[in-house]
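Protein sequences appear in the order of chains A and B.
If you count by the working numbering, then the first sequence holds residues 58 to 250, one letter each, in order.
If you count by the working numbering, then the second sequence holds residues 750 to 1112, one letter each, in order.
If you are wondering where the hints come from, they were derived from the structure by calculation, not from laboratory data.
Here the structure is a predicted model, which means the values were calculated and not measured.
Accuracy of the hints is not assured; some may be wrong.
[Unchecked claim] Not the full set, but computed from the structure, chain A residues with beta-carbon under 7 Å of chain B:
#, residue
1, Gln124
2, Phe125
3, Ala128
4, Glu185
5, Ile208
Idealized CB from N, CA, C, for every residue including glycine.
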Amino acid sequence: MSDEIDHDSPEFLNARREMDLLVAGSVSEKQAKPNVVFAKFADLIKSMPPTKDAVRWSRKNSLWPLQFGLACCAIELMDFGAARVDAERKGYLLFRATPRQCDVMLVAGWVTKSMVPEIKRLYEQMAEPRYVIAFGECATCGGPWWESYNIVRGIDQVLPVDVYVAGCPPRPENLFAALIKLQNKLGGEIEDR
Amino acid sequence: MPTRINIGPVHPSTHGVLRLVADVEGDTITNLEPHIGFLHRGVEKLVETRMYMQSPPYMEKLDYVAPLAMDDAYVATVEAALGIEVKERAMYVRLIQLELQRIASHLFFTGALCNDMGLMFTMFMWCFEDRDRVLDLLAQTTGQRMFYVSMRLGGVTLDLPPDFADNCNEFLDYMEKRLGAYENFMEKNPVFMERMKGVGVLTSQEAKDLGVTGPVLRASGVPYDVRKAKPYYVYDKLHFEVQTDNRGDNLARYRVRIMEIRESARLIREALRQIPEGDAKGMPVKLIGPAAKNRTVTVSRECPRGEAMMYMVADPQKPYRLSIRSPNFVNLSALPHMAKGHRLGDLFAIMGTLDLVMACVDR
C-alpha cells in the first residue's frame, strides 16, 4: 500500500502537517479533520518520519482490555465499562474476549495457585506491547486472603505490573485514574518500557 | 464417538472462572462436567482463625454480587450462637437493605444474561445504570458502595438517613416503570425468546431431587422461599407473594427474577411505612464475645441466588467450625442435567439463568 502514496502531493503534506501538530499536542483531537485521522491512518503511520510518536499516540488512545474477571473486582470492572463511568470516551475500547486482540490485562481479583498457569498463558498470548494493571488489593498483595494457603500474594510475583490500584474493591473512578496513569506512561511522560 | 470440548476456565460467559468439559455429538451436548476450584481460598478455615466480628468482610466476598445477603447470614448465625436479640428498628433497616440488595443482584443478573445471549450492551448498560442507583441508595444507608460490612451484632452500623424514605420511594417508582421497558425490550425480541422458551427445562421433581433453591427452584413451580417458610426479621409482618412459574425453562427463571424485583419494591415500600422509631445501632465490634461453648447453630437465609445456610460450632472467642451451604454450588450441580440434550450455544443461556457466582461455589 505504501508504494501507492505520493509523498510530494499536497494532500499528503497537509495530512502529515496535521498529524505532526496532533502528535505535538497543539491541535486537539476535535479540531483535527476526521478523514485525516481515521481514513488514512494506516498509510500515515507507515510513511511518516515521526513514526515513533504517531505509534505512541495511537497506542495510548486505543487500549483494548482483555475481558477477564477473576472475582469481586470484576463487578466494578463491568461498572467501569457501563454507562455511568463510560470508559470508551478515553480510548479504552471494547472488552475483547480473546487475548490476541488485547493490549491491557486487568487482573481483577484474587489469584489462586491453580489459576497462575492460566493467567500466564493468557499473558503470553497477548501481542506485544502488553500491559498489566493489578486491580484491587488481592491482585496487588493478596489482600484479605494473605493468610490463605491457596493464594498468590500479588500478581507481581507472576507477571510484570505497570499500574497498581488500591481498594477493596476500587471504585470504577479509581480504575479510570489508573488508566490515565498508564496512558501518561505510554505517552512518554514517564519513560517508555 | 462424542467430541470433547473444553470451555474455560477463562471464558466471558462463565461468570468467573469455571471450567466445563462438554462431550458433544454434532452440536448436541451428551455429557457435561464442571470443574471447579479456581477461586478456592479456604474461607471456612480462615474464619476459624478470626474473632467473630472480624469475619463479615470474608463472608461478603463469598457472593460479591449480593454481599449484604451473605453478611447477614453470617451475622445472624453469630447472633444465634451468642444469643443476641436484634433491635426492632434494626430488623426493618436490615430488611430494607437486603431487599435493595436483591434488586441490585437481579438487575445484575438481567444485564449479564443479555450479554451472554448476545443482546450485547443495551440491556447491560440499562441494568448497570439502574444498579448504580441502588448502590447509591445503599451507600446512603451503609456508607459503602460495594462491600458494606454494615451488620453489627444486634443492629446495623448506621441508621437510615432522614431523607432516605423519599429517595427510596422515588427510585422504586422509577424502577417499576423501567421494568416495563426491560420486558418490552427483551420479550419482544424473537432471538431472546427463541433461546429462552422451552430451553433448559427443569421439572419440579428434578429440581427437588437436585436440591436447587432460590429463583431456580421457584421457576420450576415449587413455592419454597425461606422468607415465607421460616420467616426471619419482620418478613411475617409484611405482605409479599412468593413468585413461581410452572414452566421450569430459561424464560421462567428470568420471569421469576423480574417479578421478584417488583415484590422487593413492594416489601421496601411497606417496610418504610411501618418502620418504628428508635435505635438501630448494633453493638460496637468487640473482638472477644461471650458464647456458650460447643453450642451449635444453623441459620438459613434467602439470598438472591437461593438458600444460604450456615452451620456454626461456637467457641468463646472464635467459631470452632463454620460450614457454609452455598446456593450457587448446588445450583451449579444442576447444570449438567439441564444442559444435556441441548445445543452447545444454549449452554450459556442456561448457565446465565442459573446466575452463578463462582466465588461462592469454590469458597
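Evaluation of the provided hints:
1. Gln124: A:Gln124 check passes; min Cβ-Cβ to chain B is 5 Å, inside 7 Å.
2. Phe125: Given a least distance of 6 Å, the restraint on A:Phe125 holds.
3. Ala128: holds, 5 Å
4. Glu185: violated, 20 Å
5. Ile208: holds, 5 Å
Hint 4 from the list above is the single one not met by this structure.
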